[in-house]
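Protein chains: 2
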Amino acid sequence: MAEYCFGVDLGGTTVKIGLFTSEGKLIDSQEIPTRKEDEGSHILSDICEAIDAKLVDRKMTRDDLIGVGIGIPGPITKDGSVLGCVNLGWGIFNVEEKLSQMLGGVKVKAGNDANVAALGETWQGGGRGFEDIVLVTLGTGVGGGIIIGGKIIPGSNGAAGEIGHIPAVVGRDAEVCGCGKKGCLETVASATGIVRETKKLLAKSEDDSSLRKKKELTCKDIFDAAKEGDKLALKAVDKLTFALGKSIAGIAAVTNPQVIVIGGGVSKAGKFLLDKIEEYFNEYAFHATKNVKFALATLGNDAGMYGAAALILD
Amino acid sequence: MAEYCFGVDLGGTTVKIGLFTSEGKLIDSQEIPTRKEDEGSHILSDICEAIDAKLVDRKMTRDDLIGVGIGIPGPITKDGSVLGCVNLGWGIFNVEEKLSQMLGGVKVKAGNDANVAALGETWQGGGRGFEDIVLVTLGTGVGGGIIIGGKIIPGSNGAAGEIGHIPAVVGRDAEVCGCGKKGCLETVASATGIVRETKKLLAKSEDDSSLRKKKELTCKDIFDAAKEGDKLALKAVDKLTFALGKSIAGIAAVTNPQVIVIGGGVSKAGKFLLDKIEEYFNEYAFHATKNVKFALATLGNDAGMYGAAALILD
Chain Y
0 MAEYCFGVDL
10 GGTTVKIGLF
20 TSEGKLIDSQ
30 EIPTRKEDEG
40 SHILSDICEA
50 IDAKLVDRKM
60 TRDDLIGVGI
70 GIPGPITKDG
80 SVLGCVNLGW
90 GIFNVEEKLS
100 QMLGGVKVKA
110 GNDANVAALG
120 ETWQGGGRGF
130 EDIVLVTLGT
140 GVGGGIIIGG
150 KIIPGSNGAA
160 GEIGHIPAVV
170 GRDAEVCGCG
180 KKGCLETVAS
190 ATGIVRETKK
200 LLAKSEDDSS
210 LRKKKELTCK
220 DIFDAAKEGD
230 KLALKAVDKL
240 TFALGKSIAG
250 IAAVTNPQVI
260 VIGGGVSKAG
270 KFLLDKIEEY
280 FNEYAFHATK
290 NVKFALATLG
300 NDAGMYGAAA
310 LILD
Chain P
0 MAEYCFGVDL
10 GGTTVKIGLF
20 TSEGKLIDSQ
30 EIPTRKEDEG
40 SHILSDICEA
50 IDAKLVDRKM
60 TRDDLIGVGI
70 GIPGPITKDG
80 SVLGCVNLGW
90 GIFNVEEKLS
100 QMLGGVKVKA
110 GNDANVAALG
120 ETWQGGGRGF
130 EDIVLVTLGT
140 GVGGGIIIGG
150 KIIPGSNGAA
160 GEIGHIPAVV
170 GRDAEVCGCG
180 KKGCLETVAS
190 ATGIVRETKK
200 LLAKSEDDSS
210 LRKKKELTCK
220 DIFDAAKEGD
230 KLALKAVDKL
240 TFALGKSIAG
250 IAAVTNPQVI
260 VIGGGVSKAG
270 KFLLDKIEEY
280 FNEYAFHATK
290 NVKFALATLG
300 NDAGMYGAAA
310 LILD
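Top to bottom, those sequences are chains Y and P.
The first sequence begins at 0 in numbering that gives the first Met the number 0 and counts up one residue at a time.
The second sequence begins at 0 in numbering that gives the first Met the number 0 and counts up one residue at a time.
Looking at chain Y on its own, in the form it has when it is part of the complex:
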């Protein structure tokens, strides 16, 4: 009887491949490089090879598989077609059909990587036990995923959960975002954003701050200084948490989730960060949405593998 599945997190640099039991236990994982040459044409065959080798290694066959789930770094349609993944070199094709064919008919389900990570956190991570969750990923940029009734909300063209591009800052203070617009949440609430905002604060004022000694200012430096009471660092953190708390209040007014899960590198600041976001959330949130819980993501870089497995085991 088929009792296992693979969860594949296909990234721009590496592919993470996890072997899961049908109960969602990760029993084996490996990483292979993402070969982007020749328009990414080796990527799927590399994945197949790794899967088959793992099966041999485990004395299993393809018949032991319920299926293979895969998260893709780009928009994907409901029928499993990728609409071009610039950073893989891929054009437009149905990745579910193609990978399934290459694996001799094993069931394949694909999803957008950020949404799949949100599903992973819902299934086995910080959102475990809930079915309506919003994942907010604070990394180099700001991403996210919306899960309702335990299912990913992909959006009409795969762009739901693009939380980083909620307009958050207007007026003179708004910085240009990577997407070309001004004042997106990402410009203030990402690791990159808080570093830039802190540099602006340092340049504008002459206030004493332990951050002035740092050569290469990082997001971690800023949070560490803020935790020790550095006023300028606290000001920078306040800008981030204000924008996030207010934006999350808006998201809650739209989707009314049970839990907000905060992940990504910035979330390593932990409860200190969570409490400050929640404070601003409570200031701006509609009363009927206020009983939402705030939690930290727990799966880290494995969320994508877990979510990909969840696509299949659902």
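These aren't lab readings, by the way, just hints derived from the structure by calculation.
Remember, it's a predicted structure, so these values are computed and weren't measured experimentally.
Check before you lean on any hint, since a few could be wrong.
Identical chains share a label here; the pair holds if one copy fits it or two copies do between them.
To be verified - Simulated pairs of lysine to aspartate or glutamate, DMTMM-like, Cα-Cα distance not exceeding 25 Å: (1) Lys292 to Asp78; (2) Lys180 to Asp274; (3) Lys219 to Glu130; (4) Lys289 to Asp78; (5) Lys77 to Glu130; (6) Lys234 to Asp172; (7) Lys150 to Asp206.
Fit chain P to the given chain Y structure using the hints.
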């Protein structure tokens, strides 16, 4: 064979009851008063009486009914329980079970009225032909509904689509909302909001404006004056459309709908309003969400009846 259904829109003043064919054609409708006395205990029996009378009138029986859908002015759980409707005098009970029992076992489905109206507009109104829509209702307040894959997103406690309470204005300019918070979208984008903002503009400036002659300033007066080029009226309209366009860009980054349907009394300003909202939307929207269409709601006060019927016919 059962080929008909009733769609019931239960409001605080009147109950609208529509008889629909299974294809969604409204063939008969009536209104009865909402009797709120005795903790609203007559409301459901009045509805049953009206339904049974209509069936006799049409030479039909309860066996001809696929079911009865009903929109309720308050939060409702997934299993059909109302959690208290202050303006009906209702406490907590399962309205689906109770109404079904009173109708001798006819299937009953209930939903929140704003969400049900959004479903109606999706099914037979301004969102027809789409399955991922956001309805924005600009009336005395600002309401809304989120439909994804043709289904209502109710939210974990019935508060999804509370678009009017997205934080939209910060700082000194933010007015207190009916919900108790400051700067909600509703404070600037409702009929009440634009009248207040216009009065503020009139008081602050000495600019000439045709609106100064009005004794009782209305939302319609303001839009009429703006259409004729009145600068002060245009400024007021600009404040409304800026807040709406920016907030809708945020909603689109979260849910990525195919179409935004604008309804409610303010939407009588028509294409003039729509174009201005769309202009600000395009300024703030993430590129992958920009191909969304803007449409006007078409069902007016019947949207609730249509949506209630859709709950059953789905």
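Structure versus earlier hints - violations, ascending order: Result: hints 3 and 7 break, sorted rising.
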